[in-house]
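Protein chains: 2
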Amino acid sequence: MSAPRKSVPSKIPSRKINVLFSAPGPVYDEFQPAISAALSAEGLDAQVAADLPPAEVDYLVFTPNELITDFSVFPRARLALSLWAGVERVLHNPTLTLPLARMVDPGQREGMVEFVTAHVLRHHIGMDRHILSSSGWDQVAPKLARHRRVTVLGLGELGGACAAALAALNFDVHGWSRRPRTQAGVTCHAGPEGLEQALSGAEIVVSLLPNTPETEAVLNARTFALMAPGAVVINPGRGALIEDAALIAALDGGQLSHATLDTFRIEPLPEDHPFRAHPKITVSPHVASLVR
Amino acid sequence: MSAPRKSVPSKIPSRKINVLFSAPGPVYDEFQPAISAALSAEGLDAQVAADLPPAEVDYLVFTPNELITDFSVFPRARLALSLWAGVERVLHNPTLTLPLARMVDPGQREGMVEFVTAHVLRHHIGMDRHILSSSGWDQVAPKLARHRRVTVLGLGELGGACAAALAALNFDVHGWSRRPRTQAGVTCHAGPEGLEQALSGAEIVVSLLPNTPETEAVLNARTFALMAPGAVVINPGRGALIEDAALIAALDGGQLSHATLDTFRIEPLPEDHPFRAHPKITVSPHVASLVR
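These protein sequences, in sequence, are chains A and B.
To convert, note that position 2 of the first sequence is 2 in the working numbering; the numbers rise steadily by one, no gaps.
To convert, note that position 290 of the second sequence is 1290 in the working numbering; the numbers rise steadily by one, no gaps.
Source of the hints: derived by calculation from the structure; they are not laboratory data.
Owing to the predicted nature of the structure, the values given are computational and were not obtained by experimental measurement.
Backbone N, C-alpha and C define an ideal beta-carbon position, used for all residues, glycine too.
One or more hints might be untrue.
When the alpha-carbon atoms are kept at most 35 Å apart in a straight line, the in silico DSBU-like pairs for lysine-lysine are as follows [unchecked claim]: (1) Lys-1016(B) / Lys-280(A); (2) Lys-143(A) / Lys-1280(B); (3) Lys-1143(B) / Lys-143(A); (4) Lys-143(A) / Lys-280(A); (5) Lys-1280(B) / Lys-16(A); (6) Lys-1280(B) / Lys-1143(B).
Listed next, with one range per pair, are the computed distances between beta-carbon atoms [said to hold, decoys possible]: (7) Asp-70(A) / Leu-1132(B): 37 to 45 Å; (8) Asp-1029(B) / Pro-229(A): 40 to 48 Å; (9) Val-1073(B) / Gly-253(A): 25 to 33 Å; (10) Pro-268(A) / Gly-1025(B): 32 to 40 Å; (11) Pro-180(A) / Glu-1271(B): 53 to 61 Å; (12) Arg-89(A) / Gly-1156(B): 50 to 58 Å; (13) Thr-1095(B) / Asp-138(A): 57 to 65 Å; (14) Glu-1030(B) / Pro-24(A): 33 to 41 Å; (15) Gly-107(A) / Gly-1107(B): 30 to 38 Å; (16) Arg-265(A) / Leu-1132(B): 20 to 28 Å; (17) Thr-1182(B) / Asp-70(A): 42 to 50 Å; (18) Pro-270(A) / Thr-1212(B): 34 to 42 Å.
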């Protein structure tokens, strides 16, 4: 998933290699020893540290938070490796002229698949009813997954894996991507007119699109209205994919029955944000897919 | 899955065939027209009804509830087809001397797989925390499914399908059956000593054993103690597989962290049953797998 900006020099320096590892404490503590050991095992003389002089940095490994905003201070750097699946904090940074690689490890993909299949199945079988109340004996059986239409927006590394897992669970899976794709077991749609087809009649919608100017507020009053009445939206992608006020209006009006949100326009989600108190919204703290 | 008691006569009577369909109203209303139409499409002159004179019944289609307890009143019957996956109400009935078939349709199997995978994933990712509270921003990521040990007790038609679905979701799946079995992706155990191995260290246990004298209260204080501390029990099998008082003690003592129960020793579960009010028990009204 790399997006090369210029060609990578072929020779590794013969002197000690300086790898700047810029990440929050817990991530640093977990990964730094492993990266050092792996480089050493490859016979490379490298130091991996958080506090190297910028002018001496050869490689950057970073999480795209506030720690690094200006890449021009690393004149010698040959490659930047982002530990995040999301690209919105780096793609449009004009100071980033060196090659960029994005880490998408099996753990991130597996975590996302487990989060998405868990919440799709939760809404599919209607388990909240039983979690929230243990009285009564109302034997309403959910319909089977093969009769449940689930639409996954975004068929990249993460969305494609989720669509595959849902198809394996027998769901009637539709997928949408900007450019045409094909995937076994998934009815694929593409482009602006394909979005309408993908969402029409969808009962559960999972949004896993990248956050770009084109996907800003792709879930809005118009697209909510395309979905089946009482549809559920699950957003482990990016907060900016949803128009917040339109979501609340669709839930209040009954067009949507629930939203399970793992990502938000502001994170951490403020305690007084209306999503927090809404009875039809489940808030999870951006845990669907973590680097681990 | 038939258990023949005597050989089936080879000739179908040339007169009108009488099929007694004994089932609760909603099941009757759904299936009766379909069965009539299917027999007619096969060129058979049959009537399918709930109120035939017992002496004139040729075939029985029934749910093993209280409606039919004495099969000796049907001297002419050639076959009994049970619509339930469970066998406890019929296997030991001494009046049942005619051949017995048990219906296990794809819908029952799919419904069970969807219920079980939904609840295993629910406990795996810890979603109750977010369903029950929308405050805070505690980014505790669950471990990945490949590090989560799930044990399925019973590897028959339903248990085997659930074990396969859980293995496809990457869980570390162990299975137990009375007689030795093998299943791809599942570490299989068998027999009394195998039960101990299957449960040792299990973090989520799904019980899908048939209800027989050998499986009565197989989940008890001794077997709960084998599981990982804080284990979760999911019982869509039969209520009698669990020793009720031991379950409550294990939850109260912390050996188990939760139980999700779909079957009970008495159904419907009485409103004053201690399971109803227990904060660590989810009660669902026997909906995991319905004839549909």
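Note to self: Taking the Cβ atom of Glu-1030(B) and the Cβ atom of Pro-24(A), is their distance within the range 33 to 41 Å?
What the structure shows: Violated - the Cβ-Cβ distance for Glu-1030(B) and Pro-24(A), about 56 Å, lies outside 33 to 41 Å.
Handout entry: Satisfaction of the hinted span 25 to 33 Å by the C-beta atoms belonging to Val-1073(B) and Gly-253(A)
Key = violated, 58 Å
Discussion item. For a C-alpha distance cap of 35 Å, please report whether Lys-1016(B) and Lys-280(A) respect it.
Written reply: violated, 56 Å
Against the range 57 to 65 Å, how does the distance between the Cβ atoms of Thr-1095(B) and Asp-138(A) compare: consistent or not? 34 Å Cβ-Cβ, so the 57 to 65 Å window is violated.
CB of Pro-180(A) to CB of Glu-1271(B), is that within 53 to 61 Å? At roughly 55 Å between Cβ atoms, Glu-1271(B) and Pro-180(A) fall inside 53 to 61 Å, so the hint holds.
Kindly confirm whether 50 to 58 Å is satisfied by the beta carbon distance between Arg-89(A) and Gly-1156(B). At 51 Å between Cβs, range holds.
Requested in this report: With a cut-off of 35 Å on the C-alpha distance, tell me whether Lys-143(A) and Lys-280(A) pass.
Outcome: Since the Cα atoms of Lys-143(A) and Lys-280(A) sit roughly 21 Å apart, the hinted pair holds (cutoff 35 Å).
Does the beta carbon distance between Asp-70(A) and Leu-1132(B) stay inside 37 to 45 Å, or does it fall outside?
holds, 43 Å
Exercise. Within 42 to 50 Å or not, the Cβ separation of Thr-1182(B) and Asp-70(A)?
Worked result: Violated, at about 59 Å.
Is the distance from the Cβ of Asp-1029(B) to the Cβ of Pro-229(A) consistent with 40 to 48 Å? violated, 26 Å
### Query
Between Pro-270(A) and Thr-1212(B), does the C-beta distance stay in 34 to 42 Å?
violated, 56 Å
Q: Using the beta carbons of Gly-107(A) and Gly-1107(B), state whether their distance is inside 30 to 38 Å or not.
A: holds, 35 Å
Of the numbered hints given earlier, the model fails hints 1, 5, 8, 9, 10, 13, 14, 17 and 18; all others are met.
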